[in-house]
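K.L.:
Place chain B on chain A using the hints.
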Amino acid sequence: MNAVPNTYPLIESSAKLGDYDVFKIREDFPILGQKVHGKPLVYLDNAATTQKPRTVIDALTHYYTTENANIHRGVHALSELATESYERARRKIQRFIHAPDPSQVIFVRGTTEGINLVAQTYGRTHIQSGDEIIISMLEHHSNIVPWQILSEQVGARLRVIPINDSGELLLDEFEKLLGPKTKIVGIAHVSNALGTILPLRKIIEMAHRRNVPVVVDGAQAAPHVPIDVQALDCDFYAFSAHKMYGPTGIGALYGKRELLDAMPPYHGGGDMISSVTFEKTLYNKLPYKFEAGTPDISGVIGFGAAVDYVTATGLDRIAAHEEELLAYATQALSAIPELRLIGTAKSKAAVVSFVLDSIHAHDVGTVLDQEGIAIRTGHHCAQPLMNRFGVEATARASFALYNTREEVDALVQGIQKVREVFA
Amino acid sequence: MADLRELYQEVILEHSKTPRNFRELKPANRKAEGYNPLCGDHFTVFLDVEDSNGKEGRIRDIAFQGSGCAISKASASMMTQSLKGKSRAEAEKLFDTFHKLVTGQLPANGNQAELGKLSVFAGVSEFPMRVKCATLAWHTLRAALERQPEPATTEE
Chain A
1 MNAVPNTYPL IESSAKLGDY DVFKIREDFP ILGQKVHGKP LVYLDNAATT
51 QKPRTVIDAL THYYTTENAN IHRGVHALSE LATESYERAR RKIQRFIHAP
101 DPSQVIFVRG TTEGINLVAQ TYGRTHIQSG DEIIISMLEH HSNIVPWQIL
151 SEQVGARLRV IPINDSGELL LDEFEKLLGP KTKIVGIAHV SNALGTILPL
201 RKIIEMAHRR NVPVVVDGAQ AAPHVPIDVQ ALDCDFYAFS AHKMYGPTGI
251 GALYGKRELL DAMPPYHGGG DMISSVTFEK TLYNKLPYKF EAGTPDISGV
301 IGFGAAVDYV TATGLDRIAA HEEELLAYAT QALSAIPELR LIGTAKSKAA
351 VVSFVLDSIH AHDVGTVLDQ EGIAIRTGHH CAQPLMNRFG VEATARASFA
401 LYNTREEVDA LVQGIQKVRE VFA
Chain B
1 MADLRELYQE VILEHSKTPR NFRELKPANR KAEGYNPLCG DHFTVFLDVE
51 DSNGKEGRIR DIAFQGSGCA ISKASASMMT QSLKGKSRAE AEKLFDTFHK
101 LVTGQLPANG NQAELGKLSV FAGVSEFPMR VKCATLAWHT LRAALERQPE
151 PATTEE
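If you're matching them up, the sequences are chains A and B in order. Taking my numbering, I'd label the letters of the first sequence as residues 1 to 423. Taking my numbering, I'd label the letters of the second sequence as residues 1 to 156.
For reference, chain A alone in the conformation it holds in the complex:
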């Protein structure tokens, strides 16, 4: 997987699925070879952040070793190189999400900043006192709090789409919530805590029937589900590089051109202007209007390398591998007495959230850590969702393209150890 082609088909042939060599793929990730507490690392906290392949790490090193300069400014050779690499990465990300034009891909620090940007620019200009903002029970705090802040600022009201006991969105209830006061819908593509894949196309159609734009939190979807912003017809789509094998601190926000054009800038500063006098400043064109200050240039280049890696591996092959792991893990965990799975939607990404009777998730996490197994325990930045299921916290194992059946077995054995310690 070291050779990454410059051009690649958008969807790899599924005939290649049989070739998926997870052990070869693992060699691409230097960190996976290490031991934790004397045991081989079993990294199952991928929904929090994924590990990075050597190609991504090398892209960062290569940039700082050979190209480092500020972009869009200097006339010198290095600045030109850095600018070209930065903009090439933007085009890679544009193709990855099937955006019509690279200028509609705005670099932000991550999904959180992308959603805040929309709330504070589009939201502040279009949402007024008495208006309603709809989100879902499944949202991460990053798709709740920016809307609460906006609601407080303008006097709007937050409405929440409920879910059923499997963790699936109740579309009928969504239909009832949609009304003349609804001004925007913020929705996850994939739930971080439960793994539920939301029926995004349907949700967007329902909102658009009432001319309500939809902001998608794509943080958990990007590494698992092909994203086609034009087919989805979403108005905004935010996602983070670090959840899809790229660096931390960088992400992208896609927006429809007419919306982005009409929005005021988010931050003021350099690079986002076309001319400045003390009387008046003219803003730069898209996407630069929203990219004030020197951006995370190396992060963007690493983001591009991550897109290359995922694309070369093949999203359909990754999805098939993860689906198989999910089925295997779901079956194995279901067989453990006193274990309850939280989130059993029919359409799910490779996330298993669970609770053990009378053993707190935090204790589960500590015992598993001693076995070298990294999982997430806690409320997963989704406290309202935890309340919905009547739990304070869950243990969550989330899988990535490099995880194996043997690691699922290690998790199951680790949980048996937990039960022994607390027997």
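It should be emphasised that the hints constitute simulated quantities derived from the structure, not laboratory data. Each residue gets a CB set at the ideal place from its N, CA and C atoms; glycine is no exception. Heads up, some of the hints might be wrong.
Listed next, the stretches of chain A that the computed footprint assigns to chain B, with coverage defined by at least 3 CB atoms under 8 Å from CB atoms of chain B [as the list claims (entries may be wrong)]: (1) 348 to 362; (2) 365 to 376; (3) 379 to 392.
P.N.:
Just chain B now, with coordinates in the frame of chain A:
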């Protein structure tokens, strides 16, 4: 390598399964809520403190309610056992020593008689992520003694 049995001592497991003084205290003249946002642990500590002529006396009774991991629950349970009959100053001093114990700041073989049974929490010092679990009830106690109206947190 830190040993799990050092952390999850039998006494700790036993207290987490059968916490003592695990009830709402009535009457209580001090009360505070404690919350650890990292893991969702949530406790309320109730105190009945002797108050006479505006002068604060000893802790007549103490109880707690709530939910949390084995460490936080056992710590709360054993804290309530240690504090009955103590003055505020004594309680503060015990928290100080306990805090040093779980953060590994006590001399290795130092005999801290005042800790008594609480010394089973020494293993926590090998698990820095769990210090907040062990101290949540104590932070809450302090808030209750100071009669702080807001929930106590372990975020310092």
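K.L.:
A separate judgement is required for each hint: does it hold in the structure or not?
P.N.:
Status of each hint after checking the structure:
1. Residues of the segment 348 to 362 of chain A lying with their CB closer than 8 Å to a CB of chain B number 5, which satisfies the three-residue condition for coverage.
2. With a threshold of 8 Å between beta carbons, the proposed coverage of the segment 365 to 376 of chain A by chain B holds, since 3 of its residues qualify and at least three are required.
3. With 4 residues bearing a CB less than 8 Å from a CB of chain B, the segment 379 to 392 of chain A meets the requirement of three and the coverage assertion stands.
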